[in-house]
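From first to last, the protein sequence lines are chains A and B.
Mapping the first sequence onto the numbering used here, position 95 (from 1) lands on 95, and the numbers just tick up by one.
Mapping the second sequence onto the numbering used here, position 64 (from 1) lands on 64, and the numbers just tick up by one.
Hints were generated in silico from the structure; no laboratory data involved.
Some clues are possibly wrong.
Any copy, or any two copies together, can satisfy a pair, since identical chains are not distinguished.
Below, simulated SDA-like cross-link-like pairs (lysine to any residue); rule was C-alpha separation at most 20 Å, straight line [unchecked claim]: (1) LYS304 x LEU195; (2) LYS72 x GLN250; (3) LYS287 x PRO140; (4) LYS304 x PRO181.
2 protein chains.
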Amino acid sequence: MAKFLVTGGAGFIGSHFCDVALQKGHQVVAFDDLSTGLEIFLTEAKKNPNFRLAVGDIREYSQISDVANNFKPDWVIHFAANADVRRGLERPRRDLEYNTIGTWNVLDATQKSGCKNFLFSSTGSVYGEPEVFPTPETCPFPIQTSLYGASKAAGEGLISAYSMGFGMNSVVFRFVSIMGPRYTHGHVFDFAKRLRQDSSTLAILGNGKQLKSYLHIEDLMKGIWLTIESKPTGFNVYNIGHDDALTVDQSVNYICEYLKINPKRTYSGGERGWVGDSPRIQLDTSKLKKLGWSAKHSLEKAVKDTIGYLTENSHLLNRID
Amino acid sequence: MAKFLVTGGAGFIGSHFCDVALQKGHQVVAFDDLSTGLEIFLTEAKKNPNFRLAVGDIREYSQISDVANNFKPDWVIHFAANADVRRGLERPRRDLEYNTIGTWNVLDATQKSGCKNFLFSSTGSVYGEPEVFPTPETCPFPIQTSLYGASKAAGEGLISAYSMGFGMNSVVFRFVSIMGPRYTHGHVFDFAKRLRQDSSTLAILGNGKQLKSYLHIEDLMKGIWLTIESKPTGFNVYNIGHDDALTVDQSVNYICEYLKINPKRTYSGGERGWVGDSPRIQLDTSKLKKLGWSAKHSLEKAVKDTIGYLTENSHLLNRID
Numbered sequence: 001m002a003k004f005l006v007t008g009g010a011g012f013i014g015s016h017f018c019d020v021a022l023q024k025g026h027q028v029v030a031f032d033d034l035s036t037g038l039e040i041f042l043t044e045a046k047k048n049p050n051f052r053l054a055v056g057d058i059r060e061y062s063q064i065s066d067v068a069n070n071f072k073p074d075w076v077i078h079f080a081a082n083a084d085v086r087r088g089l090e091r092p093r094r095d096l097e098y099n100t101i102g103t104w105n106v107l108d109a110t111q112k113s114g115c116k117n118f119l120f121s122s123t124g125s126v127y128g129e130p131e132v133f134p135t136p137e138t139c140p141f142p143i144q145t146s147l148y149g150a151s152k153a154a155g156e157g158l159i160s161a162y163s164m165g166f167g168m169n170s171v172v173f174r175f176v177s178i179m180g181p182r183y184t185h186g187h188v189f190d191f192a193k194r195l196r197q198d199s200s201t202l203a204i205l206g207n208g209k210q211l212k213s214y215l216h217i218e219d220l221m222k223g224i225w226l227t228i229e230s231k232p233t234g235f236n237v238y239n240i241g242h243d244d245a246l247t248v249d250q251s252v253n254y255i256c257e258y259l260k261i262n263p264k265r266t267y268s269g270g271e272r273g274w275v276g277d278s279p280r281i282q283l284d285t286s287k288l289k290k291l292g293w294s295a296k297h298s299l300e301k302a303v304k305d306t307i308g309y310l311t312e313n314s315h316l317l318n319r320i321d
Numbered sequence: 001m002a003k004f005l006v007t008g009g010a011g012f013i014g015s016h017f018c019d020v021a022l023q024k025g026h027q028v029v030a031f032d033d034l035s036t037g038l039e040i041f042l043t044e045a046k047k048n049p050n051f052r053l054a055v056g057d058i059r060e061y062s063q064i065s066d067v068a069n070n071f072k073p074d075w076v077i078h079f080a081a082n083a084d085v086r087r088g089l090e091r092p093r094r095d096l097e098y099n100t101i102g103t104w105n106v107l108d109a110t111q112k113s114g115c116k117n118f119l120f121s122s123t124g125s126v127y128g129e130p131e132v133f134p135t136p137e138t139c140p141f142p143i144q145t146s147l148y149g150a151s152k153a154a155g156e157g158l159i160s161a162y163s164m165g166f167g168m169n170s171v172v173f174r175f176v177s178i179m180g181p182r183y184t185h186g187h188v189f190d191f192a193k194r195l196r197q198d199s200s201t202l203a204i205l206g207n208g209k210q211l212k213s214y215l216h217i218e219d220l221m222k223g224i225w226l227t228i229e230s231k232p233t234g235f236n237v238y239n240i241g242h243d244d245a246l247t248v249d250q251s252v253n254y255i256c257e258y259l260k261i262n263p264k265r266t267y268s269g270g271e272r273g274w275v276g277d278s279p280r281i282q283l284d285t286s287k288l289k290k291l292g293w294s295a296k297h298s299l300e301k302a303v304k305d306t307i308g309y310l311t312e313n314s315h316l317l318n319r320i321d
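Next up, chain A with everything else stripped away, as it sits in the complex (with noise of 0.2 Å):
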């Protein structure tokens, strides 16, 4: 058994970790401001002794380092963050604080308080507008094109500056963006919402045609513990995602299947979504796959896991996104 510091623990992602790491038996301390995470994605969690919620921002040093110091964690795994995507140019300082400033805060209170292992979850978004595709972890030297992509980046940097330095052992996951249940944020989010109101019509940013990829929260979660139970020592970074890719009008597709509809389509133009936005991203998994690693779940099931999960729960739609 092994003691786990869950910062976003709340969240999308995270609640799902906290659950497997109960599941396997281990020790779990969720750390959340509840800004954008839930207690309801607790509730299984919450019945289980070996777990805690502890609230709190990681914008305060001394909020996160007070946990940490009296967990006495093993491994901190870092989900907490800005993941607002689209907006950073209307808050250009609220990246900063959360991913950069706020990762530096937990992985400082993790050295200081003994821990030796961190997990950081960064983003494909980190390459830019690459020129390799699909893109491997040791591309060339990324132009960074979004406030989002520019904050996570310098928090992979501080992790493997702390990892020569302090000796620790870490891994950075670039993730593309994950689906399933529980997933609050995105396109098909904002999909769901607007068609529940009118499912006449559907306006898309961009032409339509962006190609991202995608992967299911199951796969992601498969990915994420092979790391951790291979004991990584010093800096280690992965890419993970399906080996598929999607349009935004792919995926409206399936998202109309599940739901029986067939809105007229409205389209902003352009080949991106907004400033700042990745045309295509897709990422080169091989490193990962060389420690077993491979996506069981399509992203068709990804998709309609998520438009299931959205529909069946339909109250989360309410949430100011």
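Since the structure of chain A is provided, determine the placement of chain B on it from the hints.
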């Protein structure tokens, strides 16, 4: 005539930039907290009515934004930084505060003041321990090995995201170690200081064989002005450094030749001077050369001009560093 706001304008590199800008007939405000910058470096500049020194700290947003909003610069040249590469691990928040958050403050204040042109002094340390020498700007996605390199890489990412998001024009220079008059930081300074106290022995960090590239301040200024005067658009990144490199031992040879001494050398050992030190730095500068740049001064001259300046200004050696 254009208006230049120069952060770190009282420092080694910044004060040279101010001098050249004034010689070219431009209007200059130097912004500096005088924590490591020295007003004596601005003795000539202060005689010029086109020059003003604004004392302030880039870590305080309002201090830099007030100056930017009042002066309305055409260019912001951002040199202010924590350059204490070696002691990053002793004060691990320092690089983040100066080089990442400070850079965000300067960048956002620039953008909000209506200024569209930004130049940033980054470092070859962003390459960590690269596998390719000389290292081009497009080398594989680097792994950060020092908090200094990580904090500067984070600054670069912010600048490219702002350039993309707000239509700014920016130039990032990845510097090697710069030498010449007003040099007050780094190994030649440390050696000069210790040899002045005792010229019979010299303790050297590492094995003396770390191979590093350097550049004379005059060659740096030529490169920087070449890019400014080419009216760059979008985001641009350039390596700058001499094609030659010196081992620490060779550098000591030049210092001893100049001082006409022959100290007994002792070595702390290991291929790195300290944890996170890059054992080898040599940058591919083909991209800048295509603009017409080349280095005129040899590294022997760079080292000897530096030790010559420190000998003539030995009061500087009493500064705590």
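Here is what the structure says about each hint:
no.	hint	verdict
1	LYS304 x LEU195	within (15 Å within a copy, 72 Å between copies)
2	LYS72 x GLN250	neither (46 Å within a copy, 48 Å between copies)
3	LYS287 x PRO140	both (17 Å within a copy, 15 Å between copies)
4	LYS304 x PRO181	within (10 Å within a copy, 66 Å between copies)
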